[in-house]
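Participant: The chain contents come next:
There are 8 protein chains.
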Amino acid sequence: LRSGIPEVVYAKNKDFDDVILVLKRSAEEKGIALATKVRREHILKLEREKEDITKNLNIQDYEFIVNHKACTIVLKRRGYKQKIHGKIGLLAAGTSDIPIAEEVKVTGGFLGCKVIHSYDVGIAGIHRLFEPLKRMIEEDVCCIVVVAGMEGTLPSVVASLVDIPVIGVPVSVGYGVGKDGKAALYSMLTSCVPGLVVVNIDNGFGAASFAALLARKVYKP
Amino acid sequence: LRSGIPEVVYAKNKDFDDVILVLKRSAEEKGIALATKVRREHILKLEREKEDITKNLNIQDYEFIVNHKACTIVLKRRGYKQKIHGKIGLLAAGTSDIPIAEEVKVTGGFLGCKVIHSYDVGIAGIHRLFEPLKRMIEEDVCCIVVVAGMEGTLPSVVASLVDIPVIGVPVSVGYGVGKDGKAALYSMLTSCVPGLVVVNIDNGFGAASFAALLARKVYKP
Amino acid sequence: LRSGIPEVVYAKNKDFDDVILVLKRSAEEKGIALATKVRREHILKLEREKEDITKNLNIQDYEFIVNHKACTIVLKRRGYKQKIHGKIGLLAAGTSDIPIAEEVKVTGGFLGCKVIHSYDVGIAGIHRLFEPLKRMIEEDVCCIVVVAGMEGTLPSVVASLVDIPVIGVPVSVGYGVGKDGKAALYSMLTSCVPGLVVVNIDNGFGAASFAALLARKVYKP
Amino acid sequence: LRSGIPEVVYAKNKDFDDVILVLKRSAEEKGIALATKVRREHILKLEREKEDITKNLNIQDYEFIVNHKACTIVLKRRGYKQKIHGKIGLLAAGTSDIPIAEEVKVTGGFLGCKVIHSYDVGIAGIHRLFEPLKRMIEEDVCCIVVVAGMEGTLPSVVASLVDIPVIGVPVSVGYGVGKDGKAALYSMLTSCVPGLVVVNIDNGFGAASFAALLARKVYKP
Amino acid sequence: LRSGIPEVVYAKNKDFDDVILVLKRSAEEKGIALATKVRREHILKLEREKEDITKNLNIQDYEFIVNHKACTIVLKRRGYKQKIHGKIGLLAAGTSDIPIAEEVKVTGGFLGCKVIHSYDVGIAGIHRLFEPLKRMIEEDVCCIVVVAGMEGTLPSVVASLVDIPVIGVPVSVGYGVGKDGKAALYSMLTSCVPGLVVVNIDNGFGAASFAALLARKVYKP
Amino acid sequence: LRSGIPEVVYAKNKDFDDVILVLKRSAEEKGIALATKVRREHILKLEREKEDITKNLNIQDYEFIVNHKACTIVLKRRGYKQKIHGKIGLLAAGTSDIPIAEEVKVTGGFLGCKVIHSYDVGIAGIHRLFEPLKRMIEEDVCCIVVVAGMEGTLPSVVASLVDIPVIGVPVSVGYGVGKDGKAALYSMLTSCVPGLVVVNIDNGFGAASFAALLARKVYKP
Amino acid sequence: LRSGIPEVVYAKNKDFDDVILVLKRSAEEKGIALATKVRREHILKLEREKEDITKNLNIQDYEFIVNHKACTIVLKRRGYKQKIHGKIGLLAAGTSDIPIAEEVKVTGGFLGCKVIHSYDVGIAGIHRLFEPLKRMIEEDVCCIVVVAGMEGTLPSVVASLVDIPVIGVPVSVGYGVGKDGKAALYSMLTSCVPGLVVVNIDNGFGAASFAALLARKVYKP
Amino acid sequence: LRSGIPEVVYAKNKDFDDVILVLKRSAEEKGIALATKVRREHILKLEREKEDITKNLNIQDYEFIVNHKACTIVLKRRGYKQKIHGKIGLLAAGTSDIPIAEEVKVTGGFLGCKVIHSYDVGIAGIHRLFEPLKRMIEEDVCCIVVVAGMEGTLPSVVASLVDIPVIGVPVSVGYGVGKDGKAALYSMLTSCVPGLVVVNIDNGFGAASFAALLARKVYKP
Ligand SMILES: Nc1ncnc2c1ncn2[C@@H]1O[C@H](COP(=O)(O)O)[C@@H](O)[C@H]1O
Ligand SMILES: Nc1ncnc2c1ncn2[C@@H]1O[C@H](COP(=O)(O)O)[C@@H](O)[C@H]1O
Ligand SMILES: Nc1ncnc2c1ncn2[C@@H]1O[C@H](COP(=O)(O)O)[C@@H](O)[C@H]1O
Ligand SMILES: Nc1ncnc2c1ncn2[C@@H]1O[C@H](COP(=O)(O)O)[C@@H](O)[C@H]1O
Ligand SMILES: [Mg+2]
Ligand SMILES: [Mg+2]
Ligand SMILES: [Mg+2]
Ligand SMILES: [Mg+2]
Ligand SMILES: [Mg+2]
Ligand SMILES: [Mg+2]
Ligand SMILES: [Mg+2]
Ligand SMILES: [Mg+2]
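Residue numbers (our numbering), protein chains in the order written: chain A, 112 to 332; chain B, 112 to 332; chain C, 112 to 332; chain D, 112 to 332; chain E, 112 to 332; chain F, 112 to 332; chain G, 112 to 332; chain H, 112 to 332.
There's no promise every hint is true.
[To be verified] Simulated pairs of lysine-lysine, DSS-like, Cα-Cα distance not exceeding 25 Å:
hint : chain 1 : residue 1 : chain 2 : residue 2
1    : B       : K180      : C       : K290
2    : D       : K123      : H       : K290
3    : H       : K198      : H       : K161
4    : H       : K123      : F       : K290
5    : H       : K290      : F       : K290
6    : F       : K290      : A       : K290
7    : C       : K125      : G       : K141
8    : C       : K290      : B       : K148
9    : A       : K156      : D       : K123
10   : G       : K194      : C       : K125
11   : C       : K166      : C       : K156
12   : H       : K290      : D       : K125
13   : A       : K290      : C       : K166
14   : E       : K180      : G       : K198
15   : A       : K290      : H       : K161
16   : B       : K192      : B       : K245
[What the hints assert, rightly or not] Here are some of the chain D residues that sit facing chain H, going by a computed Cβ distance under 8 Å:
hint : residue
17   : N124
18   : K125
19   : N311
20   : I312
21   : D313
22   : N314
[Said to hold, decoys possible] So, partial list: chain A residues that the calculated Cβ filter (under 10 Å) puts toward chain D:
hint : residue
23   : K125
24   : D128
25   : R136
26   : S137
27   : S283
28   : G292
29   : N311
30   : D313
Think of the hints as simulated: they come from the structure by calculation, not from any bench. Every residue, glycine too, gets a C-beta built ideally from N, C-alpha and C.
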């Protein structure tokens, strides 16, 4: 019954060589491949040894695109052009939330979405929120992914301000009772504002892949 | 920035008279009003005293529609016709999940969605799942709300079978470590299948209102 | 080293007769006495038997003042006039939070504070918040007690808008992961907005007694 | 009352020398010995110093067999032949679950079971599950050990498909609410599919030793 | 792929009429049917109205067998004889564990097992344990189900004494940190004695259905 | 509506360069800037490279003031003089609580408070407590911040001895059930002594910023 | 190896008739018998039907001694005299802790200890503590049982003041994070004052039976 | 009111120099001093630099006694002889529990107790338990400290076998639900065997200091 959506490599518990090989195999099949939650040392290793790896694997027509913040690797056939299937909004509450927001951005792009984003718009400076929200409404995004750690209030506030579906992504930053992201998760789950759903703590990939499915639904004419 | 979506009364901690009054005020404004999580004794009281209440409040052109399983009350101007903005799918894993599934159905209908549902399709009898999924694909629903308690597996299984956005609703049935619904919630949150988001335990309203927003996005031509 | 603050009876686990006797003893000493968290059946019993109790205990110069929502009983010598030591603000997010807000109001009044309050100003209707905040600034309250259940966002939002100390009171309403008030508590504790402190879930008394101590500090010229 | 089952060394908190000595003593008594949860640095140390150790301990007729993924060490008299007492099935949901699955495989083999295994058959690609299940039925395994992290759905799905006893092993991979394996554990415990029991998170040894006892029961003619 | 094992009705969240109807349908198909976790008031209602129900449903050739402690109802065609497929042992630690132990006994019997049981053999009087263990070894049971609340030690002790597979069932009796059965569950899961697996708290049904599958494996010659 | 309180940089998840740049920008605007929760390696880096940094950023009229225990950095225009707005008390229970106490001291000073402190006055040596409390009463502090890990008793004891508002700061020292500071947090939240509020575990900044707001309220003549 | 200590009936999950029968059997053997955690309705039933029960069971030489607060029943042969083996101290922090303190008192007396007690000496009125402590030192009690709910501070404070072994009993009174007694338990466990041990929440029986064993050790000359 | 018991340094969060200085000051006052939970790197540093430290601090008449397993340092005036005040028993369940058992042994010795110990007597090999228990009874120890991780069963079993007070020490070894020692703690707290009390996870010091107080009570003639 399924189709379309290309597979994404979850690299966290994989060996370096396995990650690269799976990326190669996927990219040869679909033209492009993505790995998320890549370990920092693997990212650095790839950058150091990119040339050798490319030669050894005989993938000179492909290029690696690394996002340090997001901890993602894309392998793409040169000249490959992603088809765009829709537009999604993306907000991050604080600077500590940017790595997960970037995971959303990279995954969303990979899955064919134009991602309109704005970071550092948390409620401690709530006035910064209005301009990007207005832009997202004008751009007619199909949904807004809102990334927030600590007390995770931003998704509720956004959902209370707009009539666009909001996907909250709790983040495991902070300390004390907020250290593992559960305070943010529970805050989002118990929000009494309608129009808000949630994914697992730090699951930028999950939010983006849901948003992409949704974008295709909206886009389909 | 907001609009459209009519307000829903959360009746759990409200007095009977307050619930009825807010419903009246809302229905007079919009033609229709909904209360969810109504206490069982208030449902019964309404049924016993419906006539008196109608007379006292002078709302003879309105009718009360009660759903016992869902614990919801709708107050509707006679002849009022809901505009339909889209279609959503609805699945429930076991018979214990039906009350929350009915909350989804009633709220979804109230918010202008045609709701195509099928109950008792949990993984203990997984073969019963295929027929309703096929129907939902044919009907081209914009998303599927999947209600499940105990170990909450069904949303993952559904999301693995179709390319339609899935909204999981964990339910607080069961006993032992599953008694408060957290096992189901965590199971849905940690699912490695893409295309699945979650709302709070027992939050049928939240799933339906998100689905309705999404339906309008898709519907809008 | 201590002084001033009159004792308050915590009635939750006390027998009816004990509550009344301690109130009598306190009121005879200070002119006024307060019991909080009185069990609903004891409130009703007092109302039914007020006359007999008054006669039996020989406290005809005293009057009982019961607050049903707050579950409090005040016993006051007729003609006794509370001295006012300051002003505090009080906000409640939803209708379900009113009982705890009323506990704050009664306790604050008992401890000599003028309490300026406004209810039902949660973020689902955030525009309703600005008028009461403006009034509290004009009245120059020494602090604002903010009562909120569910995801407990309101204290953060208030603290982000004003430079007045905010005391958050989480409330144990709601369901799912919000059922026991911990989601609200954790949300308030992890707020990244400065100027916000917290008391135990449902502890209206604690917030009011802290606010009263603070009010005396401010009031003292 | 007990007998048969040889002891297994739990090496996690033991010093290197202690692990090796206990293995030696056990192997001299029974012909073969096993250590599980050996620390990575001890595994590497053994490989570096195997020859010296063998000479120093005077165990030249014995050989060390190391499994890097499983973090196990077997010490075996050369020529020693394990008696086979039965057959067990073994499935792993994802690549991250392989280390614990290998612990099951090594321990099962050590305890005299033929282990028929198949990895990477999780529900994200549920169709890959049917072939190995058919093989296990044909081989008439006495039970199936199913290893799964994240949301831990696979054991439920397997138990719903076959009439063979299933032993679920939750794994502590993943992140967010799934980080410590409790989501997988609770999901397995609350499964409403009959025929499924559970061991502690990451306890491959426990699952295998139970399976081995069971295999002897079945095997015994 | 499945077969044999008849379905069992989980009655906890079902209406009385639904429970009886499902039992009727099942019994007509298989000759016998079982409902577990029946609510106390439904058990009493059945006993009061047994005759009417039998007449109304036209099931005069069937008899109801109620177990008050276990909260189970069996509906059986008169003269129907269960085939026996094997033998299982059953131990309960304290008198408070008897209801769940009885659920094991009834379910085990329903699934075709001879159940050899002994209650009140907890470690506070550990000497009472040896006689029943000896009998179970002599009877050659295929496994022992051990039911225990509070600190849940008994399954570990039994597994340390015999070479028979042990299935631990934690029970939600007790108070303080033991109130919900998690102390017992965790104690069983972390036991360092091999040969012990666990089911959900209070899940007598789960333990018995696993034991029955296992018994068939052993029995099959 | 807000004003006065200068922003404080939360450095925990920021890159070194970002921390320094934000400090520079803030200090140029207000004359002084503060970063808290600076990572140890960043503190050391700053000390090693202070001169280069100062030259490169062209901030020779500014000086860095580092507090190793508190993990704070202040950047201050030479000659800048903080205005004092009030006095706060500060107590720490044990030597392990000093880092967080120092965070309170530095932040309090930064926000214009004179901070009167006394460390190592926990209840294991309760007699050491009386002298500093007397001094704080004489100095007429507006509130007392009490920092305590382990069982977190000190704030309750202090609040029981004085009529000054107390702000408890739980600390994540210790081990076993006290390892993450929750035992201390819960102890403070459930204290039955009036006049005590709480901030997040290890949140010295939050306590100090609340105290500073409060001090301004009191100070204002 | 064991001896002396008579068994105590844990009545919480037992039927009324069973409790009475076990008491009878025990009392006939030892002259005296005790049941703890008796359900309130069973206490009342005993009082109503005492005469009939005595007659029916033919135990006219025995008397029932009921303690309503403690929820205990003692059955004692008339004229039976308990031998005293030592002295223990007993303190309760608040009035809500008295039921559990009474369970300690009754059990301690039953096990042959003179119990010197003082209630309502919690830290909110810490000065009331000194007099009873002095008396206990003079009486040379072998240990002090300290019963406390809410934040459970009293045991720490007592242990810091005396060189007598202290046994803390956490109590499940209160609300919010203190509702189930875990805040009190954790506070006692993490206390850094030496000389303090703990029993389960509400386990007055456990504290008293430990104290009695200890008293015998001390008493033995 | 207090006396006798010398203070013990809790070294976990202290700098190396502070630990040594406090030891020196204490040893000069009492002849002997003890630090517990010393960090491994500090233990090693002391061993490397012992001579320099001794010279620099001018403590040549003192000797350092380090216990690597216990992570303790004793500083003792040469020739100083500890007075013995009693005897305590000490049991450890597994080899992983030895570090905490050694903390008990060192602290017990430091506080003037003769400590009779036996390790590796857990229930997986329950027969090894009887010999040491017999010895402890013969030596007439005043109490037995029982150290156990994983499921923490040993203290219950010991308490069920002897009439000597038992102090359980849960240990944070193991993995899965037993990783932080809570399974062991809860198991001990919920034990229904009388005569058992508990200290915090890994708190060997607490158990020993309680035992020492108790020993003095018993010893005192
Ligand atoms: N079942 C429900 N669960 C959670 N929120 C709800 C539910 N029903 C209505 N609401 C929301 O609760 C708010 C109304 O709360 P109230 O003013 O207390 O009636 C609205 O924002 C609704 O969107
Ligand atoms: N006591 C029980 N606990 C858990 N599951 C049960 C229990 N009794 C029956 N079941 C399972 O629940 C399912 C029936 O659910 P239902 O269709 O709701 O009656 C079957 O798969 C049974 O195997
Ligand atoms: N209040 C209590 N809490 C915990 N255990 C108890 C209590 N009262 C009695 N016991 C113990 O429970 C056991 C009796 O259990 P039972 O056979 O169920 O009556 C005895 O070992 C007692 O030592
Ligand atoms: N291992 C330990 N665990 C808990 N408390 C300890 C430990 N060692 C010493 N203490 C206590 O900690 C206090 C000393 O703390 P400090 O002043 O930080 O050295 C004393 O009251 C000791 O009784
Ligand atoms: Mg919205
Ligand atoms: Mg899908
Ligand atoms: Mg503010
Ligand atoms: Mg099956
Ligand atoms: Mg065994
Ligand atoms: Mg005070
Ligand atoms: Mg003491
Ligand atoms: Mg004993």
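Participant: Give a verdict on every hint.
Facilitator: Structure-based check of each hint:
Taken as a hint, the K180 of chain B and K290 of chain C pair is honoured in the structure, with Cα atoms around 21 Å apart against an allowance of 25 Å. The suggested pairing of K123 of chain D with K290 of chain H holds, with an alpha-carbon distance near 12 Å, which does not exceed 25 Å. For the hint linking K198 of chain H to K161 of chain H, the alpha-carbon distance of about 32 Å lies beyond 25 Å, and the restraint is violated. Taken as a hint, the K123 of chain H and K290 of chain F pair is honoured in the structure, with Cα atoms around 12 Å apart against an allowance of 25 Å.
Between K290 of chain H and K290 of chain F the alpha-carbon distance is near 13 Å, which keeps this suggested pair within the 25 Å criterion. Only pairs whose Cα atoms come within 25 Å are accepted, and K290 of chain F paired with K290 of chain A is accepted, the gap being roughly 13 Å. Straight-line distance between C-alpha atoms of K125 of chain C and K141 of chain G comes to about 37 Å, which puts the hinted pair past the 25 Å bound. Between K290 of chain C and K148 of chain B the CA atoms are separated by roughly 14 Å; this keeps the pair inside 25 Å, and the hint holds.
Between K156 of chain A and K123 of chain D the alpha-carbon distance is near 30 Å, which puts this suggested pair outside the 25 Å criterion. The hinted pair formed by K194 of chain G and K125 of chain C fails the criterion: a straight-line CA distance of about 35 Å is larger than 25 Å. A distance of roughly 15 Å separates the Cα atoms of K166 of chain C and K156 of chain C; the hinted pair therefore holds under the 25 Å criterion. This hinted pair checks out: K290 of chain H and K125 of chain D have alpha carbons roughly 16 Å apart, not beyond 25 Å.
Under the criterion of a C-alpha separation no larger than 25 Å, the hint pairing K290 of chain A with K166 of chain C is inconsistent with the structure, at around 58 Å. Under the criterion of a C-alpha separation no larger than 25 Å, the hint pairing K180 of chain E with K198 of chain G is inconsistent with the structure, at around 43 Å. Only pairs whose Cα atoms come within 25 Å are accepted, and K290 of chain A paired with K161 of chain H is rejected, the gap being roughly 40 Å. Among the hinted pairs, K192 of chain B with K245 of chain B is inconsistent with the structure: their alpha-carbon atoms are about 29 Å apart, more than 25 Å.
The beta carbon of N124 of chain D comes within 4 Å of a beta carbon in chain H, closer than 8 Å, and the hint placing it at the interface holds. With a least beta-carbon distance of about 6 Å to chain H, the hint placing K125 of chain D at the interface is held under the 8 Å criterion. Checking N311 of chain D against chain H by beta carbon gives a least distance of about 4 Å; that is within 8 Å, so the hint holds. Here the hint on I312 of chain D is kept, as its CB sits about 3 Å from the closest CB of chain H, short of 8 Å.
Taken as an interface hint, D313 of chain D checks out: its beta carbon lies about 5 Å from the nearest beta carbon of chain H, inside 8 Å. Annotation: interface hint on N314 of chain D holds; nearest CB of chain H at approximately 6 Å, less than 8 Å. For K125 of chain A, the interface hint holds, the least distance from its beta-carbon to any beta-carbon of chain D being 6 Å, beneath 10 Å. Nearest Cβ of chain D to the Cβ of D128 of chain A: about 13 Å, over the 10 Å cut. The hint is violated.
Checking R136 of chain A against chain D: minimum C-beta separation of about 14 Å lies over 10 Å; hint violated. Hint status for S137 of chain A relative to chain D: violated, with the closest Cβ pair at about 14 Å, above 10 Å. Against a cut-off of 10 Å between C-beta atoms, the interface hint on S283 of chain A holds, since the closest Cβ of chain D lies about 7 Å away. With its C-beta approaching chain D no nearer than about 6 Å, G292 of chain A sits inside the 10 Å limit, and its interface hint holds.
Interface restraint check for N311 of chain A: the shortest CB-CB distance to chain D comes to about 4 Å, inside 10 Å, so the restraint holds. Hint status for D313 of chain A: holds, given a least beta-carbon distance of 5 Å to chain D, under 10 Å.
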